[in-house]
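Given the coordinates of chain A, work out where chain B should sit on it, guided by the hints.
Protein sequence lines, in the order shown, are assigned to chains A and B.
At position 104 of the first sequence (counting the first as 1) the number is 104 in my numbering, and the numbers step up by one without a gap.
At position 79 of the second sequence (counting the first as 1) the number is 79 in my numbering, and the numbers step up by one without a gap.
By construction, these hints were calculated from the structure, which means they are not laboratory data.
As the structure is a prediction and not an experimental result, all values here were calculated from the model.
Keep in mind that a hint or two might mislead.
[As the list claims (entries may be wrong)] Some chain A residues well away from chain B (every beta-carbon gap over 10 Å; in silico):
no.: 1; residue: R71
no.: 2; residue: S113
no.: 3; residue: L143
no.: 4; residue: V150
[Stated by the list, open to error] On the chain A side, residues computed to face chain B include the following (Cβ under 8 Å):
no.: 5; residue: A14
no.: 6; residue: E20
no.: 7; residue: G26
no.: 8; residue: P46
no.: 9; residue: L50
no.: 10; residue: R56
Built from N, CA and C at the ideal position, the CB exists for glycine as well.
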Amino acid sequence: MRTVCYLAHCLLNANAKVDEGARCAGVSAPVVGLLREHGATIRQMPCPELAFGGTRRFWAVREQYDTPAFRAHCRTLAAPVAEQIRADLAAGARVVIIGIDGSPSMGVELTASAGDWGGRPDKPRDEDYPVTPGPGLFTETLLGLLGDDVAGARVVGIGQDLFDYDEPAELAKLAAAVEHTGAR
Amino acid sequence: MRGDLRSRRVAVVPDAVLNPPAGGADHLTPLAEAGWGLVVLPPAGLPAGTEQAMVAAIADQVVTFLDDDYEVALGWPGDERTGRLIETLSAIGRRVERRIDLLD
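Chain A on its own, in the form it takes in the complex (with noise of 0.2 Å):
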């Protein structure tokens, strides 16, 4: 059974995160290593964050982007992504969808929120980046495109955008992700 994998864009391509965001210069290798090593097919999933904040944006919270224009351009974004799922569910294909834990649009079980932040953007990005549970913006707004359709996915974050960010653990959940398959 073909197993496709949806990646967050920033994981093969650092230069989508924010200033001191980036783990890589541009290709998170281990990643992408270690899903040809279990020989899925990967595709891209766009960055909301790029083409609306730019690469010059400040990192920030779920509820900074939350407003009905981000949510309308995470739409425009997830619909073509939704299908193109749909179609490889449709086809017998293990879905995995791949977002990134701790951001406040490609979260998958933790995002970057605090009902405080804004204004002056005077806070460190390595000391008190708040997350709580639950999904980014992207993320949401995807698998409520997909409606019952997720069911057939699996949805795993990678926590690059934690503090305490361990790589091999990571991997170890990524793999765990891509080896089985079933419902969230």
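Relative to chain A, chain B alone:
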């Protein structure tokens, strides 16, 4: 603080770079080792509307990188989606000059 690790180099490549055919050359590894970030065009076989929407989104990303003086290159020779991206960019008066050799 990690500092800014971004390479500011972005290669827009056909799907075959990410998902090479059996026995095909591995272009991804040398690009990754050289620090290029990848923007991967959609695969062949998608409905026209889906492909068009994806290429349009990629064009927006490319323009964003160009406007911020990132080095942007097209993997060359590209595929039909590469041609559609060039057309989409041309329609808004934009162009990617640099090519990266993807010859096997």
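Self-check item: Unsatisfied constraints (hint numbers, rising)
Solution: Per hint list: zero violations.
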